[in-house]
Structure formats: structure tokens, C-alpha cells
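Trainee: Residue numbers (this note's numbering), protein chains in the order written: chain S, 1 to 267; chain Z, 1 to 176.
Note that these hints are calculated values from the structure, not bench results.
The reader is advised that the hints may include incorrect statements.
To be verified - Pairwise CB distance ranges, derived in the manner of DEER restraints:
hint	chain 1	residue 1	chain 2	residue 2	range
1	S	Gly20	Z	Trp14	29 to 35 Å
2	S	Pro2	Z	Ala146	26 to 32 Å
3	S	Asn102	Z	Arg5	15 to 21 Å
4	S	Gly177	Z	Ala175	50 to 56 Å
5	S	Lys29	Z	Asp176	27 to 33 Å
Said to hold, decoys possible - Mimicking DSS-like on lysine-lysine, the simulated pairs with C-alpha atoms at most 30 Å apart in a straight line are:
hint	chain 1	residue 1	chain 2	residue 2
6	S	Lys29	S	Lys109
7	Z	Lys105	S	Lys217
8	Z	Lys37	S	Lys36
9	S	Lys36	Z	Lys143
10	Z	Lys105	S	Lys189
11	Z	Lys93	S	Lys36
All C-beta atoms, glycine included, are put in the ideal place defined by N, C-alpha and C.
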Amino acid sequence: MPIDPKKPRRVLVVHGVQTGTDADLNQDKLIDELIKSRLGNIPFAYQCELFRYEDLNDAAQKKFTQLIDLLVQSPVGKVVSKKVLDIVGDVVISLSKNSTANQIRAGLKQRLLDIYNEGSPCYIVAHSLGSIYAFDVLNELMADSQYFDRSSRKTWPVQGMLTIGSPIGLDMFRISGRNKIRNLGDGDKWFRWLNIWDHNDPVVSGNIFGSNLAQYKIAESFLSADPRQGWVIRDIAADTGKIWLMAHTAYWNSPVVGDKLVDMVTS
Amino acid sequence: MKPMRYLLPVLLAWALTGCTNYLYQGQLSGVDAYGNKGQFQLYWTKTEKLIGSSKAGPAILRTECSFTAIAFEDQPDGVIFRGEPGKDRLPGKTATAAIEQPCGKILNHTKMADAREGELLITIGCEPMPPDEFDARPRNYPKARAEPYIFPVVEKIKRWSLFGETLPAPVLSCAD
Numbered sequence: 001m002p003i004d005p006k007k008p009r010r011v012l013v014v015h016g017v018q019t020g021t022d023a024d025l026n027q028d029k030l031i032d033e034l035i036k037s038r039l040g041n042i043p044f045a046y047q048c049e050l051f052r053y054e055d056l057n058d059a060a061q062k063k064f065t066q067l068i069d070l071l072v073q074s075p076v077g078k079v080v081s082k083k084v085l086d087i088v089g090d091v092v093i094s095l096s097k098n099s100t101a102n103q104i105r106a107g108l109k110q111r112l113l114d115i116y117n118e119g120s121p122c123y124i125v126a127h128s129l130g131s132i133y134a135f136d137v138l139n140e141l142m143a144d145s146q147y148f149d150r151s152s153r154k155t156w157p158v159q160g161m162l163t164i165g166s167p168i169g170l171d172m173f174r175i176s177g178r179n180k181i182r183n184l185g186d187g188d189k190w191f192r193w194l195n196i197w198d199h200n201d202p203v204v205s206g207n208i209f210g211s212n213l214a215q216y217k218i219a220e221s222f223l224s225a226d227p228r229q230g231w232v233i234r235d236i237a238a239d240t241g242k243i244w245l246m247a248h249t250a251y252w253n254s255p256v257v258g259d260k261l262v263d264m265v266t267s
Numbered sequence: 001m002k003p004m005r006y007l008l009p010v011l012l013a014w015a016l017t018g019c020t021n022y023l024y025q026g027q028l029s030g031v032d033a034y035g036n037k038g039q040f041q042l043y044w045t046k047t048e049k050l051i052g053s054s055k056a057g058p059a060i061l062r063t064e065c066s067f068t069a070i071a072f073e074d075q076p077d078g079v080i081f082r083g084e085p086g087k088d089r090l091p092g093k094t095a096t097a098a099i100e101q102p103c104g105k106i107l108n109h110t111k112m113a114d115a116r117e118g119e120l121l122i123t124i125g126c127e128p129m130p131p132d133e134f135d136a137r138p139r140n141y142p143k144a145r146a147e148p149y150i151f152p153v154v155e156k157i158k159r160w161s162l163f164g165e166t167l168p169a170p171v172l173s174c175a176d
């Protein structure tokens, strides 16, 4: 079914590295509150939902958790090492082409196609590692000739993508095959990818001390001079007000993120 | 002597993580891209660390009764609003803006971290493309003109904290 621009907009949130389980995640609520706070008194119909995949990651890491239980004796050590494994394991899974990463990508793609088949315009908000999965799936959909006719946005399962705190500029993700984007081809429509990052976010820069970066090209490094590329890509360095690792989780209530998101989903 | 043992690490943590958060904002009446009178609101934040360089921006420009949020960001040529292909164009042209088309500039500062309370001079040199069927409301911002818009900017919030704080920003209400 082609997209109906009059239907309420759907915002699909893709979370990043997590501890805990799917049941603990509420990033869709955070984005919903953020949008509401920036709309003011202007009515606008939209709906947020979260694509969850932490339980898949946890299942894949179970054997390592059991090993840690054997190796680490103290109760504190057990808790800390499990959290570290939970986080590091999420990253390792995303880098690989193993069955868990494929399952996550397939699940995200299916959810996007379900929304597309309902005819609803869909926008992705992807945080941290979630931006890697979103990037992969988006390019996969663009490679499919059924979707993304550049002359008609009604054939687009994703109307725009906002990434926040994305590590996609790091070498470890570039060398794992993410070094270019799909061209949309001929036509007059533009796909928008807005990448907002905080100057001190160590996950974005890969600098553990969160050094203050400026004018760092992350998503924009995917731009080419080819007029058939069809993407508008913008990196926006934003001050979230927080420093170091706290900056990585501060995007959820940043007014800049909210205003740029409202700008995107309403157009 | 024991308390003295902890003084140095506490002072070090304070110096490394303590910062002051600022919110600056300004509002102006003027003519929008469609020739109507309206309100424009500008805001940005700045974080000053005790040790290390400050970070700030972007400055966000909102237009009354519109969903448009224009970002003025630090670029090599100054603080620039970069036009978007498919959304902006030069006045009087039918073709859309190029990928890197500058559509506006903050004239009296070259970096957002240097901007502060007082007058902020902004130029607008583009106009929105005609809306398409996906636009819930037409894209809108101040009308393009040669002379700058002058925003009277005030320091609305100034707060010190450990690790920093994400400050709330103003929202323009819509009278229509």
C-alpha cells in the first residue's frame, strides 16, 4: 500500500547499547515526551514506538554470563562484570554478521515494512548502536527495487532518519562494510538523515576522555558529488549540557533534538 | 588529618566535572517568508567547564505557528544556517538550494561559544520551497532580506552543577 501523507506519522525508536531486558526500555516514551514538549499548542497527530532487541542480545550472551559466574567470585564483581559483558557484548554482536545481528536487522526491517503496509509515513530515531542497525536496514531497503522510487515518497518505507550519539564514524564500523550509502537514483525527492552529536560524547568520537570536538564529519562523510545520490545528510554538533558519558544519554531530553525531530516528522 | 586525604580527589573531581550551563534566548517580531507578520524565537545553550573548552549551540530559530526549526551551526565560514535541497531556495529562483548553500549567517560572532547576551545579528538569504503533500504546515522562517535581523538576546538561565544539566528551552505558542 502506498504511503498516505495524511495518516498520523509514526516514529520508530531504535535503542542502543543497553543493560537489562526489553521490559526495562522506555525510549519511545522519552521521545514522545520530547516531541510533545516542543510542539507547543500546535496540534499534530503522531505515534511513537520502540523496536526492542535487548532480549536477543542477552540470549546470545548467555553462555558468556555463565562463564563469568564461574570465574568471578565476589557478588559485586559478578554484578559489574555482567553489566560490562551486557554492554560490550551488544557492540560485538552488532559488528559481526552472526545470526543474532541478522535476526535484529530482520526484525527491524519487518517492523518497518509492517508500518509501510499500513500506509503510514515512518521516521526512524536511532540512538548509539541502534543507528548502526538502522543504517544497515535502511540501505538494504533502498537496494530493493520495490521501494524508494526517488520520484515518489509514497514508496518510501522510511521518510527520514535522525541518529543521536551514533558511533558510525568510528573505524570499527567503517571497516565492517559500512563505507557508503545506496544511491536513490534519478528524481527530485530527497531522503533526510540528520545526525546529532554532542561535542563531548565519547561513544561518537571513540575518545574515552570525551575530548571537545568541533566540525567533525560523521554522517556527512557519506556524501558524494553524485547528483543521483539523493540524500540530504547533516551532522549537527549540539550542546546537550552534559559532559563525558552523561552526554551520550542526554539526547533524550535535548530541546535541539526535539525541535529538529519535529521539523523532520512534520515534513 | 583524615579529611585532608580526601580533599584532593574531591577537588579534582569537582574541577574535572563541574560546569556552568547557560540558556540564551531572544524574540523578535517581523515578516515571515510569506509576507505575514509573526514572532521569531531564537535560543541556544552553552556549557562552560571549569577545566577545558566550552561548547555551545546550535542556535535554533523557530517561527510562530510553524514546525520549522532552523539551526545556525559552527562551520568553517562562521555560524551558518545551511539550506536543504528540496526545502530551501534562493529568492526568486525555482530551483532548490544546493547541498551546501548558506541560507543565513550570524554576523557578529564566528563561533557559538563566543556568543552571549546582547544584540545578535542574523541574515536570511533564502526562502522555503513550496510545500509538498508531506508538509503538515508550510516551512517558514524570516523573510530573506539584505539587512540583518537584530535579536535582543538575554541570558535566561545560568546554573552550576557537577556533570552538567540539559536545560529546558522556550516554546513559541501559536495564536491562530
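Trainee: If a hint holds in the structure, say so; if it does not, say that too.
Mentor: Taking the hints in turn, this is what the structure says about them:
1. Between glycine 20(S) and tryptophan 14(Z) the beta carbons are some 31 Å apart, a value that agrees with the proposed interval 29 to 35 Å.
2. A hinted range of 26 to 32 Å for the beta carbons of proline 2(S) and alanine 146(Z) is inconsistent with their spacing of about 44 Å.
3. Against the hinted window of 15 to 21 Å, the Cβ-Cβ separation of asparagine 102(S) and arginine 5(Z) comes to about 53 Å, which falls outside the hint.
4. For glycine 177(S) and alanine 175(Z), the Cβ-Cβ distance of about 51 Å falls inside the hinted range of 50 to 56 Å, so the restraint holds.
5. For the pair lysine 29(S) and aspartate 176(Z), the beta carbons lie near 30 Å from each other, so the given range of 27 to 33 Å is met.
6. Taken as a hint, the lysine 29(S) and lysine 109(S) pair is honoured in the structure, with Cα atoms around 22 Å apart against an allowance of 30 Å.
7. Distance hint between lysine 105(Z) and lysine 217(S) is fulfilled; the C-alpha atoms sit about 20 Å from each other, no more than 30 Å.
8. Proximity of lysine 37(Z) to lysine 36(S) is assessed by CA-CA distance (about 26 Å); at most 30 Å being required, the pair is judged to hold.
9. At roughly 28 Å between alpha-carbon atoms, lysine 36(S) and lysine 143(Z) fall within 30 Å of each other, so this suggested pair holds.
10. Pair hint lysine 105(Z) plus lysine 189(S) holds up; C-alpha atoms about 26 Å apart against a cutoff of 30 Å.
11. With a CA separation close to 35 Å, the supplied pair lysine 93(Z) and lysine 36(S) exceeds the 30 Å bound.
Of the hints listed earlier, those the structure fails to meet are numbers 2, 3 and 11, in rising order.
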